[in-house]
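*Asks:* Work out the full structure: start from the sequences and follow the hints.
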Amino acid sequence: LISQNKTTQNIETAVQKAGKIVYALKSYSRFGETEKTSDVDLRENLETVLVLYHNKIKQGIEVVKNYDSDMPLLSCYPDELIQVWTNIIHNSIQAMNNRGVLKIGIESCSDKIQVSISDNGPGIPEDIQNRIFDAFFTTKASGEGSGLGLDIVKKIVEKHEGEIGFTSSPEGTTFTVTLPK
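Numbering-wise, my numbering puts 125 at position 77 of the sequence shown, and it's gapless, one number per residue.
Hint data in this document are derived by calculation from the structure and do not stem from the laboratory. Worth double-checking, as some hints may not be accurate.
[Said to hold, decoys possible] Each computed SDA-like pair below joins lysine to any residue, with the alpha-carbon atoms no more than 25 angstroms apart: (1) K229 to L98; (2) K104 to S156; (3) K229 to N178; (4) K207 to E219; (5) K207 to Q162; (6) K84 to S156; (7) K229 to Q107.
[Unchecked claim] Ranges of calculated distance between the beta carbons of each label pair, as one might list FRET restraints: (8) E206 to Q57: 43 to 49 angstroms; (9) I200 to N53: 45 to 51 angstroms; (10) Y115 to T56: 38 to 44 angstroms.
Where is the CB? At the ideal position from N, CA and C, for every residue including glycine.
*Replies:* What follows is the structure, given as structure tokens:
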């Protein structure tokens with residue numbers, strides 16, 4: 049009976065994980081399907097991306113979340129914001145060589161919502177910081193990156209009438225996306 053109980057618990061856990069992955073993939077695969085805005089919980093929007101990166105994250109990345117508990121829904125293009133978080137989180141994971149601390153914060157300010165994504169990688173070299181949002185600029189080896197990720201991110205944030213910025217040092221990088229409510 050004990051063995052059957054453990055097996056049942058393992059199956060239940062696997063089904064829950066599979067359900068999360070299917071939900072995240074369905075959300076992600078609808079990207080570009082609609083040009084309509086909808087009211088979105090940014091916490092769920094970010095969680096979709098974290099589920100997609102779960103296998104990379106579980107191999108050595110600690111995720112620290114600091115989400116405001118009283119978060120209003122945001123009228124936005126949710127699929128496009130998923131692309132923003134996907135690009136920033138992907139870059140963070142690569143910057144840390146799949147080992148480190150990824151911090152994600154969502155804060156509701158007076159008329160804005162601020163999302164911050166931080167990593168404890170080596171930081172962005174000062175001499176290229178002014179170019180990271182330029183189209184086709186990449187620090188990755190040939191064939192690894194197109195240099196379009198952060199350019200697209202910036203355009204999506206601007207389409208939402210928001211702002212994106214970053215701070216970087218040898219101890220890590222923090223990207224901050226500020227969106228109007």
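*Asks:* Checking against the hints above, which ones are violated?
*Replies:* 2, 3, 4, 7 and 10
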